[in-house]
Amino acid sequence: MPESIVVGLDGSESSGRAADAAADAARHHGLRLVLACVVPWSPYSFTTAEENERRSVEKEREASDARDRVLAPVAARLAEAGDLRIEGVVRHGHPAETLVTLARENDAAWITVGRVGQSRVRTLLFGSTPSSLIQLSPVPVLVVP
Amino acid sequence: MDVLAATFDERVDSFFAPVSEVITAIVFFAVPLDFIDEGVELPLIVVWLVVAGFFFTIYLRGFQFRAFKHAIALTRGDYNDPKDAGEVTHFQALATAVSGTVGLGNIAGVAVAISLGGPGATLWMIVAGLVGMCTKGVECTLGVKYRNVYADGRVSGGPMYYLTKGLKERSPRLGTLGKVLAVLFCIFTLGGAVGGGNMFQANQAFSQAQSVTGGEDGPLGGGAAGAVFGLVMAVLVGAVIIGGIRSIARVTDKLVPFMAVFYVIACLTVLFANVSAIPDALWAIVSQAFSPEAGYGGIVGVLIQGFRRAAFSNEAGLGSAAIAHSAVKTNEPATEGHVAVLEPFIDTVVICTMTALAIVITGTYADESSAPGVQTTSAAFESVVGWFPIVLAVAVVLFAYSTMLAWSYYGLKAATYLFGESMLVDRTWKLIFCLFVVIGASSTLDAVIGFSDSMIFLMSLPNIIGLYILARVVKREIYGYRERLDSGEIVPAQQRS
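Taken in order, these protein sequences are the chains called A and B. 1 is the number of the first residue of the first sequence in full-length UniProt numbering; add one for each residue after it. 1 is the number of the first residue of the second sequence in full-length UniProt numbering; add one for each residue after it.
Hint data in this document are derived by calculation from the structure and do not stem from the laboratory. What you are looking at is a predicted structure, and each value in this text was computed from that prediction instead of being measured. Glycine included, C-beta positions come from ideal geometry on N, C-alpha and C. Since no wrong hints were added, every one of them can be taken at face value.
Have a look at the derived ranges for each label pair, beta carbon to beta carbon:
1) K83/B to D65/A: 18 to 26 Å
2) D78/B to P140/A: 27 to 35 Å
3) D78/B to G30/A: 38 to 46 Å
4) K69/B to L136/A: 23 to 31 Å
Pulled from the structure, derived: some chain B residues nowhere near chain A, Cβ distances all over 10 Å:
5) A73
6) S171
7) I187
8) F345
The whole structure should be built from the sequences, with the hints applied where relevant.
Here's what the structure looks like:
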C-alpha cells in the first residue's frame with residue numbers, strides 16, 4: 001500500500017497550488033505528505049577552483065534558503081488545519097530524477113508538481129521538470145496548472 | 001602617438017629581458033655533456049622532475065596504469081555517495097584541474113619541443129606524460145589528505161599544507177623544514193602564476209590574435225597593440241577575479257572543454273588529410289627519439305626538449321594540481337590520487353600528442369622563418385584548412401584565459417598562505433596579477449618564456465622534496481585503499497545496501 005504523496009515545490013504559485021491539491025488528496029486517502037524542494041545540481045557541471053573551495057558552504061546556504069523560503073511557508077500553511085502528517089525534504093540533484101528517487105523512498109502513491117510557466121524556447125532547450133517526470137516516474141504524475 | 005606607443009612595448013621588454021635572463025640561468029643550470037655531443041647540456045631541473053616520476057612509478061609499482069580503470073569509474077560518479085549530492089564531485093575536481101593545465105603548453109610548448117628537438121621529442125614527451133601521471137596521483141592524494149577546512153566551511157589544500165602538516169606528522173623535527181619548504185613553494189607559486197600561468201599565456205594569445213588579423217600590418221600590428229590587447233585581457237580577467245562576475249567564468253568553463261574537443265578534431269583532420277604520411281611520421285617520432293638527425297643535440301638533447309615541454313604542459317611535480325584537486329568531496333584521499341592520473345593522460349598523452357603529430361606530419365617544425373610557438377602549430381593547421389588558424393586563435397585565447405583564471409587562484413592561495421587571509425592580500429594579489437597580463441602581452445617571447453619556465457619549474461623543488469619524505473604516507477593511503485577495493489569492502493554506490 002502506498003504511504004505518501006510527494007509534492008515537488010519550487011516556490012512558484014503553481015507549485016503552491018500543487019501542494020494544496022496534494023493536501024486535499026492526502027486527507028482523503030489518509031496519506032503522508034512529503035514536501036520536496038530539489039536544488040538543481042549536476043555532478044558533471046564545470047566549476048572554477050574558487051567555486052569548488054566554497055562548494056560545501058554554498059550547498060548549506062542553498063539548502064537552508066530552500067527550507068526557509070520554499071518549504072517553510074507551504075508547510076506552515078498546510079499544517080494550520082492540524083490534520084496532516086507533513087514532512088519536508090531538501091535535496092540537490094536533477095529535479096525530475098530526484099523526485100522519482102524520493103517517490104521510491106517514501107512509497108509514494110503519486111507525484112504532484114506545478115506546471116511552471118516558462119517560455120517555449122526554454123522548454124525546448126532545457127525541457128521541463130513535469131515533462132521529464134512523466135518519462136521517468138514509476139508512479140502516476142499529477143501536474144497542476 | 002605611434003612612436004610613443006612603440007617605445008612602451010619596447011620599454012617593458014627591455015626592462016624585463018635582463019631579469020628573465022638571470023633567473024633562467026640559475027634555474028636551468030645545466031651540466032655540459034660535451035662528451036656525448038658538442039653543445040649538449042643537461043638542465044638539472046628536468047632531471048629532478050623526471051627522476052621523481054620514475055621513482056614513484058617504481059615505488060608504487062606502476063600505480064598510474066593499475067589505477068586507470070578505477071579512475072574512470074570514480075570520475076563517472078559510480079562511487080559517489082548520493083548523500084553528497086551538491087558537493088564537489090571527482091568529475092568537477094578533474095575538470096577544474098584540466099582546464100587549468102590544458103593551455104598553451106599543449107599548443108605552443110609542443111611546437112617549441114619539436115622545433116628544437118625534432119620529431120623524436122614527441123616520444124619523450126609521451127614518456128614524461130606517462131610517468132607524470134604517477135607524480136600527479138601522489139601529489140593529489142597528499143593534497144586531499146592534508147587539506148585545510150576553514151572555520152567557515154571552505155575547503156582548500158595544496159603543497160603548502162602537506163609540506164607543513166605532513167612533514168610535522170612524520171617527525172616533529174621535520175616541522176621547521178616543512179615550514180621553510182611551504183614558504184618557498186608559495187613564493188615560487190606566485191612567480192609561476194605571473195609567469196607561466198599568466199604572461200606566457202597572454203603573450204601567446206596576443207601573438208596568435210595578431211597573426212590571424214593580418215600580422216604586423218593588420219589592426220593588431222601597431223606598436224602599442226600588445227599593451228592594448230593585454231589591457232583587454234586584463235579587464236576580462238579582473239572582471240571575474242576582482243569583480244566576481246562569475247557568468248564570464250561559467251561561459252569560459254563551458255567553452256573550454258568544447259574547444260578542447262574541437263582542437264583534437266582539428267588535429268585529426270590534419271592527420272587524415274595527410275593519411276599517407278602517417279607511417280613515416282610515426283617512424284620519424286620513434287627512430288629520431290633514439291638517433292635524431294644532426295642539429296637536435298643528440299639523444300639527450302631530444303629527450304630534454306620532450307621532457308621539459310611535457311612538464312611545462314602537464315605540471316606534474318609542480319604541485320599546482322594538488323591545489324586544484326583538493327576541494328573534492330571524499331573521505332578517501334586515494335580516490336583523488338586515482339582521478340588525478342587522468343589529468344596528464346588527457347593533457348600530454350592525448351592532446352600534446354595530437355599537436356605533435358599534426359606538426360610532424362606537415363613538417364612545419366622545420367620552418368625557421370618564424371620563432372617556434374603557436375605559429376608552428378597554426379601553420380600545420382593552415383596547410384590543410386585555410387580558416388583553421390582562426391579557430392586555433394579562438395582556442396588559444398580561451399585556453400589562455402581559463403589557464404589565467406586557474407593560476408590566479410593558485411597564486412591567491414600562495415599569497416594568503418604567506419601573508420594571511422585578508423581582503424588587502426586578496427585585492428593586492430589580484431591587481432598585480434592583472435598588471436602582469438599587460439606586461440606579458442607586451443613582451444617578446446624569449447623573455448617571457450624564460451621567466452615562465454623558470455618560476456614554474458622552481459615550484460617542483462620544495463614540492464618534490466616533500467613528496468619523497470611523504471612517499472610512505474602515500475603508499476599506505478593508496479595500498480590501503482586498493483586492498484579494500486579489491487576485497488569488496490568499497491563498492492559502487494548502486495551496490496550499497
